[in-house]
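Student: Listed below are the residues making up each chain.
2 protein chains.
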Amino acid sequence: MDLECASQETVKQGLLARGWPPIKGFSKHVKTKVLEFFSLLIKLGLDDPRRVVHSLKAGLALTLVSLFYYYQPLYKSFGVSAMWAVITVVVVFEFSVGATLGKGVNRGLATLLAGGLAVGAHQLANLSGRIGEPIVLGIFVFLQAAVSTFVRFCPQIKARYDYGLLIFILTFSLISISGFRDDEVLELVHKRLLTVLIGGSTCVIISVLVFPVWAGQDLHNLIASNMEKLGIFLEGFGDEYFKMPEDGESEEDRPFLQGYKSVLDSKTIEDALANFARWEPRHGRFQFRHPWKQYLKIGALTRKCASRIESLNGHLYADIQAKREIRSKIQETCTTISMESGKALKELSMAIKTMVKPFAADIHIENSKSSVKNLDTLLKSGLWDDETDLLEVVPVATVASLLIDVVTCTAEIAESVNELATMLKFEVVEPTVSPEKPETGQPKIGIS
Amino acid sequence: MDLECASQETVKQGLLARGWPPIKGFSKHVKTKVLEFFSLLIKLGLDDPRRVVHSLKAGLALTLVSLFYYYQPLYKSFGVSAMWAVITVVVVFEFSVGATLGKGVNRGLATLLAGGLAVGAHQLANLSGRIGEPIVLGIFVFLQAAVSTFVRFCPQIKARYDYGLLIFILTFSLISISGFRDDEVLELVHKRLLTVLIGGSTCVIISVLVFPVWAGQDLHNLIASNMEKLGIFLEGFGDEYFKMPEDGESEEDRPFLQGYKSVLDSKTIEDALANFARWEPRHGRFQFRHPWKQYLKIGALTRKCASRIESLNGHLYADIQAKREIRSKIQETCTTISMESGKALKELSMAIKTMVKPFAADIHIENSKSSVKNLDTLLKSGLWDDETDLLEVVPVATVASLLIDVVTCTAEIAESVNELATMLKFEVVEPTVSPEKPETGQPKIGIS
Numbered sequence: 001m002d003l004e005c006a007s008q009e010t011v012k013q014g015l016l017a018r019g020w021p022p023i024k025g026f027s028k029h030v031k032t033k034v035l036e037f038f039s040l041l042i043k044l045g046l047d048d049p050r051r052v053v054h055s056l057k058a059g060l061a062l063t064l065v066s067l068f069y070y071y072q073p074l075y076k077s078f079g080v081s082a083m084w085a086v087i088t089v090v091v092v093f094e095f096s097v098g099a100t101l102g103k104g105v106n107r108g109l110a111t112l113l114a115g116g117l118a119v120g121a122h123q124l125a126n127l128s129g130r131i132g133e134p135i136v137l138g139i140f141v142f143l144q145a146a147v148s149t150f151v152r153f154c155p156q157i158k159a160r161y162d163y164g165l166l167i168f169i170l171t172f173s174l175i176s177i178s179g180f181r182d183d184e185v186l187e188l189v190h191k192r193l194l195t196v197l198i199g200g201s202t203c204v205i206i207s208v209l210v211f212p213v214w215a216g217q218d219l220h221n222l223i224a225s226n227m228e229k230l231g232i233f234l235e236g237f238g239d240e241y242f243k244m245p246e247d248g249e250s251e252e253d254r255p256f257l258q259g260y261k262s263v264l265d266s267k268t269i270e271d272a273l274a275n276f277a278r279w280e281p282r283h284g285r286f287q288f289r290h291p292w293k294q295y296l297k298i299g300a301l302t303r304k305c306a307s308r309i310e311s312l313n314g315h316l317y318a319d320i321q322a323k324r325e326i327r328s329k330i331q332e333t334c335t336t337i338s339m340e341s342g343k344a345l346k347e348l349s350m351a352i353k354t355m356v357k358p359f360a361a362d363i364h365i366e367n368s369k370s371s372v373k374n375l376d377t378l379l380k381s382g383l384w385d386d387e388t389d390l391l392e393v394v395p396v397a398t399v400a401s402l403l404i405d406v407v408t409c410t411a412e413i414a415e416s417v418n419e420l421a422t423m424l425k426f427e428v429v430e431p432t433v434s435p436e437k438p439e440t441g442q443p444k445i446g447i448s
Numbered sequence: 001m002d003l004e005c006a007s008q009e010t011v012k013q014g015l016l017a018r019g020w021p022p023i024k025g026f027s028k029h030v031k032t033k034v035l036e037f038f039s040l041l042i043k044l045g046l047d048d049p050r051r052v053v054h055s056l057k058a059g060l061a062l063t064l065v066s067l068f069y070y071y072q073p074l075y076k077s078f079g080v081s082a083m084w085a086v087i088t089v090v091v092v093f094e095f096s097v098g099a100t101l102g103k104g105v106n107r108g109l110a111t112l113l114a115g116g117l118a119v120g121a122h123q124l125a126n127l128s129g130r131i132g133e134p135i136v137l138g139i140f141v142f143l144q145a146a147v148s149t150f151v152r153f154c155p156q157i158k159a160r161y162d163y164g165l166l167i168f169i170l171t172f173s174l175i176s177i178s179g180f181r182d183d184e185v186l187e188l189v190h191k192r193l194l195t196v197l198i199g200g201s202t203c204v205i206i207s208v209l210v211f212p213v214w215a216g217q218d219l220h221n222l223i224a225s226n227m228e229k230l231g232i233f234l235e236g237f238g239d240e241y242f243k244m245p246e247d248g249e250s251e252e253d254r255p256f257l258q259g260y261k262s263v264l265d266s267k268t269i270e271d272a273l274a275n276f277a278r279w280e281p282r283h284g285r286f287q288f289r290h291p292w293k294q295y296l297k298i299g300a301l302t303r304k305c306a307s308r309i310e311s312l313n314g315h316l317y318a319d320i321q322a323k324r325e326i327r328s329k330i331q332e333t334c335t336t337i338s339m340e341s342g343k344a345l346k347e348l349s350m351a352i353k354t355m356v357k358p359f360a361a362d363i364h365i366e367n368s369k370s371s372v373k374n375l376d377t378l379l380k381s382g383l384w385d386d387e388t389d390l391l392e393v394v395p396v397a398t399v400a401s402l403l404i405d406v407v408t409c410t411a412e413i414a415e416s417v418n419e420l421a422t423m424l425k426f427e428v429v430e431p432t433v434s435p436e437k438p439e440t441g442q443p444k445i446g447i448s
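So the protein sequences, as listed, match chains A and H. Residues in the first sequence are numbered from 1 upward in steps of one, following this note's numbering. Residues in the second sequence are numbered from 1 upward in steps of one, following this note's numbering.
Bear in mind the hints are in silico, worked out from the structure with no lab data behind them. This one's a predicted model, so the numbers in the text were calculated from it and none came from an experiment. We put the CB at the ideal spot given by N, CA and C, even for glycine. One should not assume that every hint holds.
Stated by the list, open to error - Not everything, but these chain H residues come out facing chain A in the computed CB check (under 7 Å):
no.: 1; residue: Gly-59
no.: 2; residue: Pro-134
no.: 3; residue: Ile-169
Stated by the list, open to error - When the alpha-carbon atoms are kept at most 30 Å apart in a straight line, the in silico DSS-like pairs for lysine-lysine are as follows:
no.: 4; chain 1: H; residue 1: Lys-191; chain 2: A; residue 2: Lys-191
no.: 5; chain 1: H; residue 1: Lys-353; chain 2: H; residue 2: Lys-43
no.: 6; chain 1: H; residue 1: Lys-329; chain 2: A; residue 2: Lys-373
no.: 7; chain 1: H; residue 1: Lys-267; chain 2: A; residue 2: Lys-304
no.: 8; chain 1: A; residue 1: Lys-191; chain 2: H; residue 2: Lys-76
no.: 9; chain 1: A; residue 1: Lys-158; chain 2: H; residue 2: Lys-158
no.: 10; chain 1: A; residue 1: Lys-267; chain 2: A; residue 2: Lys-297
no.: 11; chain 1: H; residue 1: Lys-158; chain 2: A; residue 2: Lys-28
no.: 12; chain 1: H; residue 1: Lys-31; chain 2: A; residue 2: Lys-158
no.: 13; chain 1: A; residue 1: Lys-33; chain 2: H; residue 2: Lys-293
no.: 14; chain 1: H; residue 1: Lys-33; chain 2: A; residue 2: Lys-293
no.: 15; chain 1: A; residue 1: Lys-43; chain 2: H; residue 2: Lys-297
no.: 16; chain 1: H; residue 1: Lys-158; chain 2: A; residue 2: Lys-267
no.: 17; chain 1: A; residue 1: Lys-267; chain 2: H; residue 2: Lys-43
no.: 18; chain 1: H; residue 1: Lys-261; chain 2: A; residue 2: Lys-293
no.: 19; chain 1: H; residue 1: Lys-24; chain 2: H; residue 2: Lys-43
no.: 20; chain 1: H; residue 1: Lys-425; chain 2: H; residue 2: Lys-353
no.: 21; chain 1: H; residue 1: Lys-31; chain 2: A; residue 2: Lys-293
no.: 22; chain 1: H; residue 1: Lys-33; chain 2: A; residue 2: Lys-267
no.: 23; chain 1: H; residue 1: Lys-28; chain 2: A; residue 2: Lys-293
no.: 24; chain 1: A; residue 1: Lys-293; chain 2: A; residue 2: Lys-425
no.: 25; chain 1: H; residue 1: Lys-304; chain 2: A; residue 2: Lys-267
As the list claims (entries may be wrong) - Derived Cβ-Cβ restraints for the label pairs, each shown as a range:
no.: 26; chain 1: A; residue 1: Phe-256; chain 2: H; residue 2: Ser-262; range: 29 to 37 Å
no.: 27; chain 1: A; residue 1: Gly-45; chain 2: H; residue 2: Ile-23; range: 53 to 61 Å
no.: 28; chain 1: A; residue 1: Gly-120; chain 2: H; residue 2: Val-34; range: 17 to 25 Å
Next comes chain A alone, as it looks inside the complex (with noise of 0.2 Å):
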């Protein structure tokens, strides 16, 4: 016994010496969560310092409304309605101008609305007695929270809409059914609209003042830097395809050529981008009703052209790879093609993003264009005889049917930026030095 007790004296006399494991695990694991978590808060500040100075304007709003409860004369006025100023900061202030005016704007109307049809249904109630009372208001809350509540499926209303919808319910409910208890209802929707309105211009006028993110401003540069992605990759893709192989290379090793990847998936936040956009005032180029719808027409026609390069991409690393011979009669023209659609589209990026009317992105396009031809020629003209394997030619042919779409998209893509320079009335700028003449062929500046 004396032997037992002594050995688990030791073991936990061991246990407690090395700190017991289970519980330096466990804080060894906590503190590499710890760790990571702060790396990527740093990662997401440095990324987009836009978004430190939102958390310190949210801070500000939110401190600013908070003196309806120090300041003694505020308070008197509005008591603890002054509650639904915090409220409405806290869940109007939102990143970009546009998103917190369309939530604002949301709020305030739907407060206003519902506030109004409160009362009529409080007004209506009251005739029907004591007991008929909370079956009429029952009956009201049900019918407005069923209708309302399938409004928001529809699509054009959940878009816009769907946040004064939640509002609009939420205010009519709380102030008919307070209706039962207070009879004070006008003051009650008087209060709290007004509290709503305080809270939500704070949240407006710091948004706008203070470092102003414009959602506008953001589709802009998404859209030109989306079409810049697709250029690199095409400028690279010539040399890459058509280079001598290595052993041990893959993917990872040209991150330049994975930059496309990102505008595949880019619909859904352009689409926000544009609905936030569509609140935004005046603000430096971009007017109020500034053509966004343009901006996602150019954005689909920009994710077309991306999944013909992720095909493209498909054939850089492919196992069954053409014969070298093969693949250097065309190895020329088609780097040609790739190089000046890659051209093309950063001159049109650069275009939107300096709001300039784009000057040689046509002639590029013109060049891939003759380009083209000359690879119909070269494909015409019997390239390879009877002993050559079509298996071999197989992917060749599809490279090159690929560049061919994509010089297409990138015509298209050129067509609807020039619409946009003209409904913006982009600038015409001379440039400097001239961009190269086609090799072959009469160029069509203009045409696209």
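Once you have looked at the hints, place chain H on chain A.
Tutor: This is chain H only, laid out in the frame that chain A set:
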């Protein structure tokens, strides 16, 4: 003058008689819009009757919590705080059980945590005297709002706990600020927590018991039906591509060939459903920790296949069509590949739907793989001579290579469906009718 007056009179009378055109036109316009809106609503209801049920459920939940106001004993214990139950119901009640549970748990836990911290902040601020108190409180509110707002940018946290953080900011601010005016902070926290719990559980109970809508089930069905759409396209593609071109035909004529398009954009909805599904308890054939990630993996592979199919679709109505003679040489093989991959996808979709181990899918994939080998032989055997215009070969070669890609994608999908089948222990059911055996080669069932 008289004449002028008279003529003006006539004009006026005419306008009145005709009901003043602008107003008439406007009212007609409004009428059309209203009618359009109602027919849209009816369509929304008919498309998915669960939307109507959801709206009625929302109305019911709201009417239930409003009893707090009508029923005297309940109102006595909660007073104005009963409003929080109403607010909770309006904002927490969502379409699916998972979304409702996620929001409810977020709101409940955030209220508990923020309430506790706010009481602590209130005690600390109390120590700093009447003048220091608002300053200390202001600093607390500013700091927590800024930090929490920044943490909301973290994508992993945003996906699951965004709403919780919003409620954390809201509750902490409200309670710590209210404490400045009202010393009964503990009671305030207690009441708020209790009403939020009551509102939240009302939502969860109604959402689970009355015609529940499970996000998990929706994700399951979506993945299966997306796969089926691709299968339908592939089954029809061969006949459509190789048939006689007729005049005036366009994409709109073949709606069954357009179903795949919705698959391309389904990432957002799949991610959202998987996020909601993670909150859902065991229901029907789904456990609490169902492998939703595997569904997302299958979904991503399906989208990859859909992007190949989009390229194929581009060749259906392309301007440059390959010559009939060339096309007819590979017609049979390509049609078989397309048909067999389509059958495999439909089989896999059915396997997911019924949760029965896919049986015939591997056979169909082997069939299509052996057809790919046939296609290889056909292409290698020098199908065309020196006189063949290579430009006419290119589209055929591209279609062939895309079909080969589709077979690879289908095999990948089959593999991940088999993984899912193993994870979930799908039933094994011997088919009553055995599928056709492959025409050439030895089918290796089980290898895909």
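Student: Hint by hint, note whether the structure agrees.
Tutor: Okay, the hints, checked on the actual structure:
1. For Gly-59/H, the shortest C-beta to C-beta distance to chain A is roughly 4 Å, which falls under 7 Å, so the interface hint holds.
2. Taken as an interface hint, Pro-134/H checks out: its beta carbon lies about 4 Å from the nearest beta carbon of chain A, inside 7 Å.
3. Nearest Cβ of chain A to the Cβ of Ile-169/H: about 5 Å, under the 7 Å cut. The hint holds.
4. With a CA separation close to 23 Å, the supplied pair Lys-191/H and Lys-191/A stays within the 30 Å bound.
5. Proposed proximity of Lys-353/H and Lys-43/H is supported: the alpha carbons are some 26 Å apart, at most 30 Å.
6. Restraint check for Lys-329/H and Lys-373/A: the C-alpha separation of about 27 Å stays at or below 30 Å, so the hint holds.
7. This hinted pair checks out: Lys-267/H and Lys-304/A have alpha carbons roughly 17 Å apart, not beyond 30 Å.
8. With a C-alpha separation of about 24 Å, the suggested pairing of Lys-191/A with Lys-76/H holds against the 30 Å cut-off.
9. Distance restraint check for Lys-158/A and Lys-158/H: the Cα-Cα separation of roughly 21 Å lies within the 30 Å cut-off, and the hinted pair is therefore satisfied.
10. A C-alpha spacing of about 11 Å is found between Lys-267/A and Lys-297/A, which places the hinted pair at or below 30 Å, so the restraint holds.
11. About 26 Å separates the Cα atoms of Lys-158/H and Lys-28/A, which keeps this hinted pair within 30 Å; it holds.
12. Annotation: proposed proximity of Lys-31/H to Lys-158/A holds, straight-line Cα distance about 22 Å (limit 30 Å).
13. Pair hint Lys-33/A plus Lys-293/H holds up; C-alpha atoms about 22 Å apart against a cutoff of 30 Å.
14. For the proposed pair Lys-33/H and Lys-293/A, the alpha carbon gap of about 22 Å is at most 30 Å, so the pair holds.
15. Distance hint between Lys-43/A and Lys-297/H is fulfilled; the C-alpha atoms sit about 27 Å from each other, no more than 30 Å.
16. A threshold of 30 Å between alpha carbons decides the hint, and for Lys-158/H with Lys-267/A the separation of about 19 Å falls inside it, so the pair holds.
17. Between Lys-267/A and Lys-43/H the CA atoms are separated by roughly 26 Å; this keeps the pair inside 30 Å, and the hint holds.
18. Under the criterion of a C-alpha separation no larger than 30 Å, the hint pairing Lys-261/H with Lys-293/A is consistent with the structure, at around 21 Å.
19. Restraint check for Lys-24/H and Lys-43/H: the C-alpha separation of about 28 Å stays at or below 30 Å, so the hint holds.
20. Taking the CA atoms of Lys-425/H and Lys-353/H, the gap is near 14 Å; set against the 30 Å cutoff, the hint holds.
21. Between Lys-31/H and Lys-293/A the alpha-carbon distance is near 27 Å, which keeps this suggested pair within the 30 Å criterion.
22. For the given pair, Lys-33/H sits about 29 Å from Lys-267/A by alpha-carbon distance, which is consistent with the 30 Å threshold.
23. Between Lys-28/H and Lys-293/A the alpha-carbon distance is near 28 Å, which keeps this suggested pair within the 30 Å criterion.
24. Restraint check for Lys-293/A and Lys-425/A: the C-alpha separation of about 16 Å stays at or below 30 Å, so the hint holds.
25. At most 30 Å may separate the alpha-carbon atoms for a hinted pair to count; Lys-304/H and Lys-267/A meet this at roughly 16 Å.
26. Here the CB-CB span from Phe-256/A to Ser-262/H is close to 33 Å, well matched to the stated 29 to 37 Å.
27. In this structure the supplied range 53 to 61 Å holds for Gly-45/A paired with Ile-23/H, their Cβ-Cβ distance being about 57 Å.
28. Take Gly-120/A and Val-34/H: their Cβ atoms lie about 21 Å apart, and the range 17 to 25 Å holds.
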